[in-house]
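**Student:** Chains A, B and C, in that order, are what the protein sequence lines are.
Going by the working numbering, the first residue of the first sequence is number 1, and it counts up by one from there.
Going by the working numbering, the first residue of the second sequence is number 141, and it counts up by one from there.
Going by the working numbering, the first residue of the third sequence is number 206, and it counts up by one from there.
Some clues are possibly wrong.
To spell it out: a stretch of chain C is covered by chain B in this simulated footprint if at least three of its residues, at any positions, have a beta carbon under 8 Å from a beta carbon of chain B; those stretches are [unchecked claim]:
#1 433-440
#2 445-451
#3 455-464
#4 497-508
DMTMM-like, lysine to aspartate or glutamate: derived pairs with alpha carbons at most 25 Å apart [stated by the list, open to error]:
#5 C:Lys494 with B:Asp174
#6 A:Lys20 with C:Glu868
#7 A:Lys110 with C:Glu913
#8 A:Lys75 with A:Glu128
#9 C:Lys935 with C:Glu959
Honestly, the hints are just simulated from the structure, not real lab data.
Note that this is a predicted model, so its numbers are computed, not measured.
Ideal Cβ positions, reconstructed from N, Cα and C, are used throughout, including at glycine.
Chain by chain, the residues run as shown.
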Amino acid sequence: MLALSSLTARPITGKNIMAKKVLIVDDEQNIVISLEFLMQRAGYEVAIARNGEDALEVVGQFRPDLVLLDVMMPKINGFDVCQKIRDNPDLQDTKVIMLTAKGREVEVAKGMALGANSYVIKPFSTRELVAEVQRVLEEE
Amino acid sequence: MNRFTIIGQRLVAIFLIGCLLFNYPLLSIFSTNDMLWGIPILYIYAFSSWLIIIILMIIVIEMWH
Amino acid sequence: MMLQGGIILLFSLAYIGFLFAIAYYSDKRSDAGRSVISNPYIYALSLAVYCTAWTFYGSVGRAASTGIGFMPIYLGPTLMVALWYLVMRKIIRISKINRITSIADFISSRYGKSSSLAGLVTIIAVVGIIPYISLQLDGVSTSFDVMWQHSELAGAIPPPGTAAILGDTSFYVALLLATFAIIFGTRHLDTTERHEGLVAAIAFESVIKLVAFLVVGVYVTFILFNGFGDIFGQAFQKPELRDLFTMKNAGTYTDWTWLMFLSMMAIMFLPRQFQMTVVENVNENHLDKASWLLPLYLLVINIFVLPIALGGLLLFPSGAVDADTFVLTIPISQGQEEVAMLAFIGGLSAATGMVIVATVSLSTMVSNELVMPLLLHFGPLRLSERRDLGGVLLTIRRCTIILVLMLGYCYFRLTGNAYTLVSIGLISFAAVAQFAPAIFGGIYWKTGNHLGAIVGLSAGFVVWTYTLFLPSLAESGYLSPSFIESGPFGITLLKPYALFGLAGLSPITHSLFWSMLVNAGGYMILSLVGQQSLMEHSQAAQFVDVYKRTQENDFRLWRSTSSVTVLRSILEQFLSRIRVDEALNDYAKKHGLDWSKDDVADAALINYAERLLAGSVGSASARVLLASAVKEEPVSMDEVMYMLDETSKVIAYSRELEIKSKELEQATSELRAANEQLKEVDRLKDDFISTVTHELRTPLTSIRAFSEILHDNPDLDVEQRSKFMAIILKENERLTRLINNVLDLSKIESGKMEWHLTAVDLKEVIEDALATLEQVIKEENIELETALAEHVSLTVTDRDRITQVMLNLLSNAIKFCDSQAGWIMVQLKEQDYTLSVAVSDNGPGIKPENQEIIFEKFRQVGDTLTEKPQGTGLGLPICRQIITYFGGDLRVNSIPGHGATFFFTLPVVSPTEAEADKEPNYASPIFANGKTNNR
């Protein structure tokens, strides 16, 4: 009934200029708010996309070091986004962490096969999530 | 086939009863010189048993018709 | 003087002529299709051919010396007939299917249509029956003599068999009987070898002999004497007669039992009994009534045996009169010529009946099983190439009848009057009892084989000859008496009446024991160690399993083809052209063939022809005849296996199986479809669960994340803190709502929802719902329009659930109506006993392709990123389920861009129901508990 609201992704300026950049992709507003808060607290520069289409747009402009990518989204889902990122030679260094549901080992395997660097299961522990983001970003 | 077997079994039973009635030792019980209504008791026994067998057969066979 | 020779002869001839008229009449009736013999009474009377001159004259004779010692001969059949329901029915069924013509045919057919076995059985039957025939000649000629010379009484009668042949009454009697038998039995050749006229005549004779005997009995008992008590009382006075009242003279109990057994076999296997019971049987069901009519006949005809015997002994105390003639001599001695004449006719009936049927059945056997196979095998005659073999067959039969009677006469001359009538008859009984193992084994034991039958029968027959037949000749002086007294060549162990030292039994019992031992023993042992040929195996299965099969599924014994022309020519040798045409046309009609086009005779047709032919010439001959004309193809190994593996059963059930497999196929495809459906349901269920878990996980993720954030960051400012707290609360609500929805839905779908039914005024419900949402509507600045009918009928429903539906629809309208100038309209109407409610908004509307999807679970359409409360994706599906449950309908009308209208209907209750519903306690059954389950 509702047309998709085209809320454009907006870069959020972090404190540190050298800060790593994280793109949050999720269609659940409250989850986005929590992730945004956590990433900013951890000192990252954060951008937000509310769906797959936005994500693909933002990822080119924003050039994030890491994408926190929700799998279950309408239209273009997380897997497609991940695939597109990996297909783009410019984005080879971009890390991807999939946010997925528990009990969906197939999704995990699929995500990893598509080139995701790691995955975090919802509902997640905030500390573990932050730790995982840091770990992935420190990887070469 | 049910009717067939149950009648068959009853008739076999009649056959066995008959074999019993018309053989030693039952027969020997009546082998005396006693008379009943002026008729030797052995004759009465033999003919009435015979008749009973026939009546039983009539009952079993005709009951189904 | 009434009883002059000429008059007696005239009476006899007139009686026989009358019998012939009966036979002729019933044959005509039969040809016209209105059989006179096709009823159980005639059938039972024809079976009474069992009562011969033996019964008519001999029973009295035996009773005069043994008391009730005559009875086992009738008690045995009485008991055996009780088993006929099982045994004889089976034999008749088998015989009808295989067109059996005689007992020899039956046995040979069972053991592979063996010519040798058929021949052996025929020889045993002929030799075995000769004493019996001679008994009849004895009885009839004695009765002639008694009548002839009645004035001088029986004492002056020359002992039979001593006069010169041409002066011997019994010789002429034999010729007379042969003539009758030929006239009755071999007038024409039937395909089924049935003789309706003969049966009618025999049945009539049974009536005559019964009436005659009863008249004599009544005369002796009630006229000559003063009733039973008088005769028995007088006899009791005489010590020498008193023993007849007990078992003392009736033989040992062992003999008694064996005699019963012997007569049980005789009633089944005497060739004439087999002829009447099996071959002449019109309808298997006649057996039922005959099973008690025959014993009743036997009982009635024997009631006066003892009174006549004792009366005779009282009248002729000297012993000068042969007790075998009491039935005649008592009335004659009292000058009762009419009674005597009737008795004479009765005795004649008894004897002629037996002789006619016995010789007819023997002649069939001799011609079919002995002469024909020999002639057919005897190449130079080229008999199989002659046309009209039927005439040859008839000639053979006529000659056989004469031969059998002459043999009987010879035996009569040889044995003289050394024996009583009864002991002669028992010799024949013992001979036919030899058939018992082969027949009983044949119909109940598939393993029984040809070799066993041949050896058993031969051994039994040899023992019978040695222990009964030869001694009977020896006693009359044609063999040295020392043969009996000290055994052949003085070897006492081989004494014919005490074989191997077995003494103390009567000759009959003794012979029966040994012959049955070697017969049954040989049959069983050889059957167990030997093997069956292919043909035997199939025949054995066919006989034993006859009830499981039908003629249509007949086993194909011919592994060959031939031409119809050839078959026709073979058939026409034995059957009339008309009959052959008829039979072949029948077959063609049944199998949809046209003989002008189809000339290939397949195995089934050859089989049919064989059965047709078997009806005339017996199965062994029929097979030989056809084998000469039909080239059998080699039987392949596959087919051998096929046949061996209980083939008959397989074929009998094959049609059934075919139907079953079709049904099975159908059931399989149905099952497959059902399985697909189940899989689909399962997949949907999986989808549903994963969707539900995702839907649950989303609020949970937010709640957990913000809880941890709040916990880990005590330094947060108040504003942020309360914002996060609000999110947690909101997500909590969402979670609760979701869980409730899922529970509702699963309850409705599984039928476990508790519905609280009451009569509901929908207007009230709508007003309540609007009141609940009044605040929100005001806050959102939405224009609310209502058009509710003033008075509407009540509807029976669950008030809370309908309120839930109403709230859901209104919430959706509030959520999706234009955010600037929101407008909502609620309508309530009643029409045609239906209430309809419509909720409209001025939102973006729903695309046509989505108008059904929105009612599916978790199929929200559109944006969820509004500030409005999150939908669960279950609201509309639940609403629809509720409305459907109450017999209504929930749908949506929408043009994209012009808002949407959700509307539902509910049926109105009738006034009486509504009236009842207003009562606090519901009287109507469906409200008995104030609620019902969704069933």
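**Student:** Please go over all the hints and tell whether each is borne out by the structure.
**Tutor:** Tested hints:
Under the rule that three or more residues need a Cβ within less than 8 Å of chain B, the assignment of the stretch 433-440 of chain C holds, with 5 such residues. With a threshold of 8 Å between beta carbons, the proposed coverage of the stretch 445-451 of chain C by chain B holds, since 3 of its residues qualify and at least three are required. Counting residues of the stretch 455-464 of chain C whose C-beta lies closer than 8 Å to any C-beta of chain B gives 3; at least three are required, and the coverage claim holds. Proximity of the stretch 497-508 of chain C to chain B, defined as three or more residues with a beta carbon under 8 Å from a beta carbon of that chain, is established by the 5 residues found.
Note on C:Lys494 and B:Asp174: the hinted pairing is violated, with a Cα-Cα distance of about 37 Å set against a maximum of 25 Å. For the hint linking A:Lys20 to C:Glu868, the alpha-carbon distance of about 72 Å lies beyond 25 Å, and the restraint is violated. For the suggested pair A:Lys110 and C:Glu913, the alpha carbons sit about 29 Å apart, so the restraint of at most 25 Å is broken. With a C-alpha separation of about 29 Å, the suggested pairing of A:Lys75 with A:Glu128 is violated against the 25 Å cut-off.
With a C-alpha separation of about 29 Å, the suggested pair C:Lys935 and C:Glu959 falls outside the 25 Å cut-off, and the hint is violated.
When each numbered hint is compared with the structure, violations occur for hints 5, 6, 7, 8, 9.
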